[in-house]
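There are 2 protein chains.
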Amino acid sequence: MLDILEIINKKRENKELTKEEIKYAINNYVNKEIPDYQMSSLLMAICINGMSDEEIFNLTDIMINSGEKLDLSMINPTVDKHSTGGVGDKTTLILGPIVASCGINVCKMSGRGLGHTGGTIDKLESIPGFNVNLTKEDFIKQIKEIKLAITSQTGNLVPADKKVYALRDVTGTVESIPLIASSIMSKKIASDASKIVIDLKVGEGALIKTKEDAKKLAELMIKIGNHNNKEVVCVLTDMNEPLGFSIGNALEVREALDFLDGNMAPDLKEVIYKLASLMVSLGLNIKEENALNLVKEKIENKEALNKFKEFIKYQGGDLDKLTVSDRVFSIKSPYTGFVKEIDALKIGELAKNIGAGRQTKEDIIDYSVGFVLSKKVGDYVLQDEELVKVYLNKKDLSIADITNCFKIENELGELNPIIYEVIK
Amino acid sequence: MLDILEIINKKRENKELTKEEIKYAINNYVNKEIPDYQMSSLLMAICINGMSDEEIFNLTDIMINSGEKLDLSMINPTVDKHSTGGVGDKTTLILGPIVASCGINVCKMSGRGLGHTGGTIDKLESIPGFNVNLTKEDFIKQIKEIKLAITSQTGNLVPADKKVYALRDVTGTVESIPLIASSIMSKKIASDASKIVIDLKVGEGALIKTKEDAKKLAELMIKIGNHNNKEVVCVLTDMNEPLGFSIGNALEVREALDFLDGNMAPDLKEVIYKLASLMVSLGLNIKEENALNLVKEKIENKEALNKFKEFIKYQGGDLDKLTVSDRVFSIKSPYTGFVKEIDALKIGELAKNIGAGRQTKEDIIDYSVGFVLSKKVGDYVLQDEELVKVYLNKKDLSIADITNCFKIENELGELNPIIYEVIK
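Chains as they are written, first to last, in this note's numbering: chain A, 878 to 1301; chain B, 878 to 1301.
Hints were generated in silico from the structure; no laboratory data involved.
Check each hint, because a few of them may be wrong.
Note that the list lumps identical chains together, so a pair holds whenever it fits in one copy or between two copies.
As a list, the in silico BS3-like pairs of lysine-lysine whose alpha-carbon atoms are at most 27 Å apart [stated by the list, open to error]:
1. 1086 / 887
2. 887 / 1093
3. 1093 / 896
4. 909 / 1040
5. 887 / 1229
6. 892 / 1173
7. 1039 / 1086
8. 1179 / 1021
9. 1252 / 1013
10. 1039 / 909
11. 1039 / 887
12. 1164 / 1301
13. 1086 / 1217
14. 1173 / 1146
15. 892 / 1093
16. 1223 / 887
17. 892 / 1223
Please model the entire structure based on the sequences and the hints provided.
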């Protein structure tokens, strides 16, 4: 007979758990037979002592089987995209229409914001009328008709992960590569896309702070994918400055529209072109360079922009009613010099504080607020030239707090690349 | 401002915690500001990553200051003795009278049974009328008058340890040398004896399974003692077979009386002589060999036995009413050979199952039940010769369960010593 204390002791002593032991722990935690304080002690032992590949495969499998699974076999090929979360990360809004306009089915389930990072679902909800809660049937019908649908999680997918994640969030057990990998992959596998491109953010503004850890996580997610017959590609991208110009829900939707209309922040352009060509290459089974040409064509001829508008309208959204706050303040640079760093983590926190994100699960988001950067890392700025526009509504912000996010120096020195590496 | 998640993350990353951080965690856990699930995650990180000496000193200090402290300065010299817990361990009952009869104040606070090990307080409560709840004033008055008092914890000593220990017990975080050391030493220091002898049990029947771990624990407890101006001596003793002949509450009191009357199990004799001479040597500041002679004298002239009777009577106990069950069964050996092992852990569990210990905190102990070994490790036994007498009352026991505790072989081979090492 299995016993949770023996399982905890085993992991504390850095021994490998069997599938039955992991199943016992997870399923009984979901059933409330095992209390939080025992699960958190087991999770900490896993964080510190790690897990073998076998343990990770088993954990992922048990997570997937804790709830419903989607079946998308009738709409092949499907390509999914996941981002590990960043500040100003509106890539899903832009990639979906591009890839769909290239003829590939994009079936995307997205989440809400967590911590200092925004969520795609919150961003879409800033569009008046937009419905983020599609039924399974509507979701599949929409993909068949327009090749693109984005919904918040449909049905009871991977409920065990939801419960375990909530506990990890409050017990210092988030930063574990095996637990992160199995959490992401269990959701991707349960939602059944056959090919998955993962945008793995690295840097101070991201969950993963170093390239070494990012590589380990990427390799692990690819292994889990292969073990489940899913093709996974990971792109390691920089998250030291916010991605693109805007941070905040309606502002990011507006940037997505601008982008598809040809006005592109250079870093966002580089990330989008890379992710889009990988997704199209996987989906159509063509070379990446050919895929890139197709992507460029669909943007230039506005098919991608039109697909975006079609998709928003199909889910009930009215882009004409998208509003950003008119309490706009122009923040000037206190110095002349090169923008050496823009602290994504701090800007994310400030965006949350002014209402763009939630402090607690119950908070209501103010979609109209946020920031638009006038300068990006690498730009030269004069004293009293505009650094950033701040869109405020009900909450206030100190000027020093926002200017402190920018590090301005005489010498530019070496900059981080935007894309570190593609791992397949 | 301190934050529990940052403290947990720091320990997970194997960084040293400051005194303020440890204090914040412990005090807010006691205040119920920090929930069990965060404390258990921190405890697991401590179990796996360990603690520096500085962290351990600070933790011990915070534990001590979480409640009242005893002041025994008016009754110097005082010697305390602690056992890390074993099966059949009645040494406190025997040592107290011996050391007191040598003229040293023995002020002992004892606990109840935990897991498969019995507690001194439970054993004393098997004597009808015996009062285990002395007030601080009665405790000190009794020591002044007869030099010996044993009480269950008086006042609110180290309440933080009590709460943390209860959580460790159910979260797989008991087996940590720094946590064990600071738990034992915080109680010893708060109860203020100036000299402390610790009987550190090693083996399958004990909390500490290996000599290496026992040495580490001993050295750590000595360091903590010295840091607090307490002289500490640790004796590493074997706990692979039960200590002495009897296991069970009234049966162990009876063995203590027998021992002081001259009928001694050889292993118990060796342990008692060693611990008693160390205590007397420390208490009177004389050489250990002179102390040993004094101990022998006090046993031979029955002063120690009379001290035992005086002490029991002083606390209200009536030894004439001590009863053991009359449902006694003689268990015979299934084989002829040498007794190679007697499994202390299993016997302890069986004793608990027949009522000598508690399964849950609410259980009521049956003082009259237990085991008396007819053979000890090293003895030769014939088939159908008696191995052990079983004293049952309301609960039953299978014969195979008890005979399986004995390993009988043709060759004796090498035996463990009873005393491994004295560490000062």
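Within, between, both or neither: residue 1223, residue 887 at alpha-carbon 27 Å
For residue 1223 and residue 887, only the inter-copy Cα distance (21 Å) is at most 27 Å; the intra-copy one is 40 Å.
Under a CA distance limit of 27 Å, which applies to residue 1093 and residue 896: within one copy, between copies, both, or neither?
within (23 Å within a copy, 35 Å between copies)
Checking residue 1252 and residue 1013: alpha-carbon separation at most 27 Å within a copy, between copies, both or neither?
Neither: 42 Å inside a chain and 72 Å across chains, both beyond 27 Å.
Treating 27 Å as the Cα threshold, decide for residue 1173 and residue 1146: within, between, both or neither.
within (11 Å within a copy, 90 Å between copies)
Identical-chain pair category, residue 887 with residue 1229, by Cα at 27 Å:
between (41 Å within a copy, 25 Å between copies)
27 Å Cα threshold - placement of residue 887 relative to residue 1039
both (25 Å within a copy, 25 Å between copies)
Is it within, between, both or neither when you check residue 909 against residue 1040 at 27 Å Cα-Cα?
Close inside one copy (10 Å) and across copies (23 Å); limit 27 Å.
Between copies, within a copy, both or neither: which fits residue 892 and residue 1223 at Cα up to 27 Å?
This pair counts as between: shortest inter-copy Cα distance 24 Å, intra-copy 39 Å.
Which holds for residue 892 with residue 1093 at a C-alpha limit of 27 Å: within a copy, between copies, both or neither?
both (21 Å within a copy, 23 Å between copies)
At most 27 Å between alpha carbons: which applies to residue 1086 and residue 887, within, between, both or neither?
Answer is between: at 15 Å across copies they meet the 27 Å cutoff, but 30 Å inside does not.
For residue 1039 vs residue 909, is the C-alpha pair at or below 27 Å within one copy, between two copies, both, or neither?
both (14 Å within a copy, 26 Å between copies)
Which holds for residue 1164 with residue 1301 at a C-alpha limit of 27 Å: within a copy, between copies, both or neither?
within (14 Å within a copy, 74 Å between copies)
Hint compliance for this structure: hints 6, 9 are broken, all remaining hints hold.
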